[in-house]
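Enquirer: Single-letter residue listing:
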Amino acid sequence: MTAMLEMRGVSKVYGSGPTEVNALRDVELSVDRSEMVAIMGPSGSGKSTLLTIAGSLEEATSGEVLVDGAELSGMSSNDRARLRRRSIGYVFQDFNLLAGLTAVENVALPLELDGSESGMARATGLEALRTLGLADRAAHFPDDLSGGERQRVAIARAVVGNRRLLLADEPSGALDSVNGEAVMRLLRDACRRGMAGVVVTHDAQLAAWADRVVFLRDGRMVDRTAPPPGPESLLSGPEQ
Amino acid sequence: MSVRHALLALLTEGPRFGLRLQQEFESRTGEVWPLNVGQVYTTLSRLERDGLVESDDEGGEGPQKHFRITSEGHRELTVWLHTPPGTDTPPRDELVIKVLVALRVPGVDVRQVIQAHRRHLVEMMQRYTNVKAEAAQHDLGLALVVDAELFRLEGVVRWLDAADARLGQLAIPGPAPVDVSGSQDRVSGRR
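Taken in sequence, the protein lines are chains S and P. Each residue of the first sequence is one higher than the one before, starting from 1 at the first, in the working numbering. Each residue of the second sequence is one higher than the one before, starting from 1 at the first, in the working numbering.
Chain P on its own, in the form it takes in the complex (with noise of 0.2 Å):
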């Protein structure tokens, strides 16, 4: 869990101080993820440091600073919402966090986010399974371990299919068209 990017999700609802973006981090996370709010000092810092948010200078220190999300800030939580997890094996919490966060920052186009996700889901599928239909073949552990991870990405996937299904009945508008002809250099605006 991204602290640093929860945070910059809830400054672009506005400015805040450090105080009530830890109790707005903690409601809103369903108090799941304690937060002592020295963490959100350190954590705000290290974004005034990077750029990512600025401080009203007359507010002086601690907890009567005043912080907003900059526009480098912005781009930052855009980029992180976008894109996969380091790791091949995102853990599935860390995509429902990003998908939540989504669903509040302003401008961001929810069931984009989800279309990044799934595309890249089923991108590692696909090569799962070209394991499975070439070296696992006559290698049953290795068939078996490919399973289980194909498993677990469809999973996630599906979790995905329903959060979209969700956001549609509720007519939030879905990924705009992009030119998906055969010939790979065709592809006009991947999103």
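Here chain S stands alone, though its shape is the one from the complex (with noise of 0.2 Å):
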């Protein structure tokens, strides 16, 4: 099966000659579809810089990444655009939602910019937003809902039409617990229904809500988690 998404010896590097910045170094990551990933790292490890780029918002230096088995340094700024609007969804930590659109709005506008007749997109957003609980919500303004309202929303947009890869910058960075909890259930059920996801995180508690855990330091990759046990092993007695 062709992985959703697959770097292959990333490298990023800002500036040049003394101000030279390695923000990545020889990046290999594949993710599957239903498969979630979470890259854990602290603070400039290159946790976010791996994230745009895996979007396509930002070139690699060197390397190369493919989206659903298509290079993005072969395509063409209109293609890059077009893969953005229709297979990527993207979740940042301070929602990015347009304060004047409602949620349905908000949630529909990629269809919209996409080319779907207005009421067509209107009536998925809607159903994006059913889905995760929000329907009587969807004509609201982002003002009026509450934070974990908010970044449902923004998981709805994410998550809207056909999209294919989920990519998340500290999705519940600013909620409290257990509307972290939420957003991250949400998030993993998404992938659930078959988008890949990636998710960058400093929190150990939003990372192991992943399928794998990848470990990033000063942008290189250093360890992985082995595959979970499954919980049955938890709940039997202690291991050996």
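Note that these hints are calculated values from the structure, not bench results. Fair warning: there could be bad hints in the mix.
As the list claims (entries may be wrong) - Label-pair distances were calculated between CB atoms; the ranges are:
no., chain 1, residue 1, chain 2, residue 2, range
1, S, 74, P, 79, 45 to 55 Å
2, S, 21, P, 107, 24 to 34 Å
3, S, 61, P, 46, 49 to 59 Å
4, S, 189, P, 142, 17 to 27 Å
5, P, 104, S, 17, 34 to 44 Å
6, S, 143, P, 165, 33 to 43 Å
7, S, 61, P, 171, 19 to 29 Å
8, P, 165, S, 189, 25 to 35 Å
9, S, 22, P, 75, 33 to 43 Å
10, S, 79, P, 71, 52 to 62 Å
11, S, 14, P, 103, 30 to 40 Å
12, S, 18, P, 151, 35 to 45 Å
13, P, 140, S, 146, 14 to 24 Å
14, S, 14, P, 155, 29 to 39 Å
The beta-carbon is built from N, C-alpha and C at its ideal position, and this holds for glycine as well.
Make one complex out of these two single chains by using the hints.
Expert: Here it is as structure tokens:
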């Protein structure tokens, strides 16, 4: 099976000479459909750079990035923009909702930008909000929503339509632990329904929602967790 | 607290008499763990029996005996430093001791030791989170127990992160990279 996201030998250098910063060094990462991978590392380890390159918001200095088998560097900027609108959903710590649009208009926006007829886009947006338990908040503006609700709207926008790759940067950073858990549960559900997810975080509790956790330090991937043995092993008493 | 491994760690700095080991153990642990000299000699004789230390034959018995660590002892110490404690709920103090010991043992990469424990803790958190995501969704009691464990483990991870950051400020190099690509069999070298 082709991985939904594949990064091969990806490096990113900012500046040059004495001010040169190696934000990413030789990153190898592959994420399948229905899989959620967490990238864990301290501030400045390159987590956000990795995410913006995976999402084609920024270009790698060297290496290859493939989304659903298509190499990003081989695409025209129009094709990349289309890929971002159609296939990639982003969730940021600060929600990034447009204040002048209602919840459903925010969710439907990427579909409309991609040429969907407005009524159709709205119906799809409403369906995404319903899935996240927000149907009754569809007509509210972001300022009238709680932090948890705003992030759920942002998740609805990130999963609406036929998006295949879900990228999240500290998605519950500003929320309390109960709302943060709800956000992670929704991201995990979206991945269970077939999206490939990458969540970057410094928070072990968030990272623990992922199928795999990869540890990043100074732009390098230094370690990753083993596949979990399953919850039953925790409940059957201490291990040897 | 493993007296056995603490003594091995002290011996990595060079051969010692038993009495000096006892004094160094107490001063290095801030005298929080008093250790009587009889306990030191009992532990040393077991270490010698197991081939982890050796002593001068001509030194005689008791305080005159000079001990040094063997290559088998070095191996044992390195394995202990990298091995998660035997239970699923490691007491944090033991982890603190491991990191303190790792700082002093020549040839041990302390940040690698930190990463080995961080990985183990996050793996345990993944398993508890799976319980919460599935079984605990409709079982409040279980959810609360799992939360308590997750917050405890998170606290330990945060301490490791802070320790790592402090070491980073001292320019102690971090772990070497490994191939961590998606496929489980492509990992080239877990450290």
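Enquirer: Go through the numbered hints given earlier and state which of them the structure violates, listing their numbers in rising order.
Expert: Hints that this structure does not satisfy do not exist here, as all of them hold.
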